[in-house]
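Just so you know, the sequences run in chain order A and B. Quick note, the first sequence lines up with residues 1 to 373 if you use the working numbering. Quick note, the second sequence lines up with residues 1001 to 1128 if you use the working numbering.
Keep in mind the hints are simulated off the structure, nothing from the lab. Each residue gets a CB set at the ideal place from its N, CA and C atoms; glycine is no exception. Among these hints, one or two may not hold up.
[Stated by the list, open to error] For the chain B half of the interface with chain A, some residues (derived, Cβ under 10 Å), not all of them:
| hint | residue |
| --- | --- |
| 1 | E1060 |
| 2 | V1062 |
| 3 | H1086 |
[Said to hold, decoys possible] Every beta carbon over 10 Å from chain B, so not counted as near; a handful from chain A, in silico:
| hint | residue |
| --- | --- |
| 4 | I36 |
| 5 | R44 |
| 6 | Q67 |
| 7 | A91 |
| 8 | L99 |
| 9 | N113 |
| 10 | R149 |
| 11 | A255 |
| 12 | Q286 |
| 13 | G311 |
| 14 | T327 |
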Amino acid sequence: MVVTAARTPLYEEHVRLRAQMTNFGGWVMPLQYSTIREEHRAVREAVGLFDLSHMGELRVNDESLAQRVVSRDVTRLKPGRAQYAVLCNEAGGIIDDVLVYAMPDGGYLLVVNAGNQDGDFDWIRAQGNQSASPSGGGQAGGAVLNVGREWALIGVQGPRAVGLVQRLTTAELGSVKYYAFVEGSVADVPCVISRTGYTGEDGFELFCGNAGAVRLWRALLDEGQSDGIRPAGLGARDTLRLEAGMRLYGNDMDADTNPLEAGLDWTLNLDKDFIGRDAIMRAREQGPSRLLVGFKVLDRSIPRHGYSVVGDGERVGTVTSGNVSFTLGYNIGMAYVPPALAEPGTRFGVDVRGTAAPAEVVQLPFYKRPHPK
Amino acid sequence: MADLSGMRFAETHEWITKDGETATVGITEYAQSQLGDVIYLELPAVGQQLDAGARLGVIESVKAASDLYSPVGGEVTEVNQELKDHPEYVNQDPYGKGWIIKLRAVKDNPKLLDQKAYNAFVQGQSHS
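Kindly produce the complete structure, drawing on both the sequences and the hints.
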């Protein structure tokens, strides 16, 4: 069987830039253009440009349906604001982590992981059908649209990102707060300009129709030359998000993990009803049996997804993400460990090819950007 | 471009040059390009005896950890200490300052490829 990975509207641009491509979530995406180290540094020190068009976008126009599937109280989200949240199953397991945008027209936009796009869509639609009012008779399912394949998404991230995007738009970006968005044209391409990201830096994520993606990409790359812009691939995206302590769905959490274990309590509004709430309430009463923690390795070993956490010669946990931190100069990771080992300062071993590498729990995030002057 | 005419290559993407009975071992340009950013190497102790094809260590890039194999048998006489602080030398100069170990009392390994045969092997791999 040959499974053809989907191409984003920027595929030809990546080929032209001689990117090394990789399959991710059903899409063929740039892994790196130069080196992951250089792309990582460009984002921390100047600005990086990301094709994020593989991300899924779902329109949920029915507020009560959005309220049922999203862990946050979406009615408290003002139009023009976005929030990080999770979707849970009845058992409280995380189906996906999402950004919820309250659109000016009253509907919601959910930005979901590439590989979960169709699964999330089917699942939300099924919830809509179940909860449809007698008068609606299944109508609520029509209130969900899977628009991900019609939309491109370009990330502009780094200390020089805001200035760069500002030079290409008449929209007043200074007043767009973190996790807020406005609609406006960038390089004459109509966009949703969102002050969000997955790198730990300031910057924007620009949503536009597929037809405008190449124009927008090239304009940002041209205009950004004086800023030291670099296109950055999924390799740098992963090392950047890890330093910022941001979880990666499928690595750090999945449907067998609840938000309490994943350290995502802050994404839960337990005073409203949503799917999975009751199970999460019960889990909270019992107390979690494991917690996701950040750790630094005290020698030169590199932790990897799937490695064992060991204490007193026993396997006590599992590493979910790990790599070098280019910014901090040591190796870092995230792992599920028993609550007794979750306090910052606690030491445990990480089994690296049969040797227990010493590691110490640290507060997440590993890296916090300096406050803007 | 380094002169590779005197080199021999393993199908596991290590190279070797011989100078008398001492041999220098590294990984190929193709190998470093596939690995991407090298961030750590776990290398053998000086004095260790290696058989041809034996695991000599581990090379870690941002992407993954991979085993390194010794193209020939022999005794480790030197490991490249520079790589401790500069693992990126393996990417920047895989046939020069990115060398990995030196061996002595090496025995010939008839399975090794010359440059032309190795290039053909890599071509075949990248199109499979």
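Hint-by-hint comparison with the structure:
{"no.": "1", "hint": "E1060", "in the structure": "holds (5 Å)"}
{"no.": "2", "hint": "V1062", "in the structure": "holds (5 Å)"}
{"no.": "3", "hint": "H1086", "in the structure": "violated (12 Å)"}
{"no.": "4", "hint": "I36", "in the structure": "violated (5 Å)"}
{"no.": "5", "hint": "R44", "in the structure": "holds (15 Å)"}
{"no.": "6", "hint": "Q67", "in the structure": "holds (40 Å)"}
{"no.": "7", "hint": "A91", "in the structure": "holds (33 Å)"}
{"no.": "8", "hint": "L99", "in the structure": "holds (26 Å)"}
{"no.": "9", "hint": "N113", "in the structure": "holds (20 Å)"}
{"no.": "10", "hint": "R149", "in the structure": "holds (28 Å)"}
{"no.": "11", "hint": "A255", "in the structure": "holds (26 Å)"}
{"no.": "12", "hint": "Q286", "in the structure": "holds (37 Å)"}
{"no.": "13", "hint": "G311", "in the structure": "holds (23 Å)"}
{"no.": "14", "hint": "T327", "in the structure": "holds (13 Å)"}
Hint compliance for this structure: hints 3 and 4 are not met, and every other hint is.
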